[in-house]
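A.B. asks: Taken in order, these protein sequences are the chains called A and B.
Take 1 as the starting number for the first sequence in the numbering used here and just add one per residue.
Take 1 as the starting number for the second sequence in the numbering used here and just add one per residue.
Because identical chains share one entry, a pair is satisfied inside a single copy or across any pair of copies.
Restricting the straight-line Cα-Cα distance to at most 25 Å, the calculated cross-link-like pairs of lysine to any residue (SDA-like) are: (1) Lys76 / Gly203; (2) Lys48 / Ile295; (3) Lys206 / Thr107; (4) Lys274 / Gly139; (5) Lys274 / Phe140; (6) Lys172 / Gly203; (7) Lys76 / Thr107; (8) Lys234 / Pro160; (9) Lys206 / Asp247; (10) Lys219 / Phe140; (11) Lys53 / Glu77; (12) Lys179 / Pro218; (13) Lys172 / Asp198.
Hints are computed from structural coordinates only; laboratory data are not their basis.
2 protein chains.
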Amino acid sequence: MSLVINSPLDMHVHLRDGEMLKNVVEYTAKYFSGALIMPNLLPPITSKEQVQKYKKEILDVCINKNFEPYMTLFLKEELSFDFLNDIKEHILAVKLYPSGVTTNSQTGLASIDTEKLKGTLEAMAHFGIPLSIHGETNGFSLDREKEFMPIFEELAAKFPKLKIIMEHISSKESISTLKKFDNLYATVTVHHLLMTLDDVIGGALKPHNFCKPILKTPKDRDAIQEAVLSGDKKIMFGSDTAPHAIDKKESASGSAGVFSAPVLLQALASFFDKHNSLNKMQDFVSTNAKNIYNINPPKKEIILEKADFLVPNIISSVVPLFAGEILNYSIKQ
Amino acid sequence: MSLVINSPLDMHVHLRDGEMLKNVVEYTAKYFSGALIMPNLLPPITSKEQVQKYKKEILDVCINKNFEPYMTLFLKEELSFDFLNDIKEHILAVKLYPSGVTTNSQTGLASIDTEKLKGTLEAMAHFGIPLSIHGETNGFSLDREKEFMPIFEELAAKFPKLKIIMEHISSKESISTLKKFDNLYATVTVHHLLMTLDDVIGGALKPHNFCKPILKTPKDRDAIQEAVLSGDKKIMFGSDTAPHAIDKKESASGSAGVFSAPVLLQALASFFDKHNSLNKMQDFVSTNAKNIYNINPPKKEIILEKADFLVPNIISSVVPLFAGEILNYSIKQ
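Given these sequences and hints, build the entire structure.
C.D. replies: Right, here's the structure in full:
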């Protein structure tokens, strides 16, 4: 049995830079038609010049040229109408990180003041630039996403023409909030779709499954699965693939992030098949994102076959998601 | 300022065996008058001969001889009246591990059938041998202790003359259950008293704070603090200090257990002082355990001084709790 996916899109990707970029980019560029590239480098991507330079760096190292890296801008401070007008053709979204919530987010916003951001957000709405948000507070780990919901609600209500993307949602509360406002959208990762906190701390400690937002309870995972399987057109795939070298993960102070790029479409096909919903996969991994972001990515056909795929134990210096496990879908090479 | 503690007792200790025992035993033997030694070795301690051999191994490597290792027996199957009669002078408690809940618990009980265990538990009550329980199910990590409460309640109600120790309690539900039955008692660790899940997964991943039962929410920690500070005489100190070599912790599959022995009394003094309750410490770390277990440990005076104590980064091959941090009480040498 095989399944054809047209122009798959991964709308939340950390490609890093330098050597790591070279080691990981092909797993996204080969299997996806396009990807939304996160801007949390050191220093973060905050200008048109940096966007252009980073995009060139990505394309220069890509073997698969039939791939579009959609760029984002790191929101560090208010942005003027003119700045946004000048950069709008070069980016697909502006990314908001609350300060301190994840890797390289130190220079993110310390507070989200909708009055202060009014000019920026109205200009973004005017130009049709979506606001992508890592929606977590600095509260207790399991409550951070839930505690962020009033901020999503305030933003969605005050800026009804702004498209707001709730990134890598991990909780049932996010599903409820998403349904309340037409201008809220969400990305869902493979790991939040398939796993729970038990995959980090339930048996032995599994640093390679450690990520932010932290994996949650079975009820949260079930709510996300239900929403994805319902075919909600406001939910799109975004892997949050985020490679860290093995010594940064198996450490006294382990980095957060799951390197899922090598297993994404295979794991998704297994998931949709298990739930007799393979017909929902095209929308989730491509069509919904095309409609939400108004993009027309390069044509690419990926063929998934029902055949065992043994996930490598390590890729360059990074341990991928499901390392050493067997998935029951493979990508036809 | 200084504080004298008489004959401190640590009623839940993993000393391991072989090299590890030699490396860690002195941190317990020097600062405590006695300790309850857990039996989950490989193979577990299930006979009088093993108890005697293990106790001798411990005493042989102790430099501080003014220390009593109180021994326990690993409950693998029903125990006869005669077996218990023969072993009763050699052990202070029988330890029940549900199968699979923590380190070396594979051969623990797969189910807790109070009918099947009736003879064993009635004989233990007859001889005055307490039942020490690692109270967790095999459910979702954050719910395991809560889900175990009906088993504690059934045991406490069916065997009112049996002393039952709820080991290393970590949740508010345990505090509620403890209060319901006169024959339920509990140990509290330093890490469950002072920390939450955020100390494992809240920032970077901290494998050296990873333990079973997993650290819980601020509400759970607060409930435990409140119970300890209330001076509840059914609650005693048991550290669950459980050393693992650094490479077993900073690993793709990290072991559960916190090596707290080097910092216990210093951390407790800081805690009680912070809450203006230094006068409660003697009961918590000694008197309550003496009364619950009816023991008369060797006389030992430990003097705690209000003076900075820089916790070592590593001790032999093990990273201790609070490594590299400064506690504001030291033990006078």
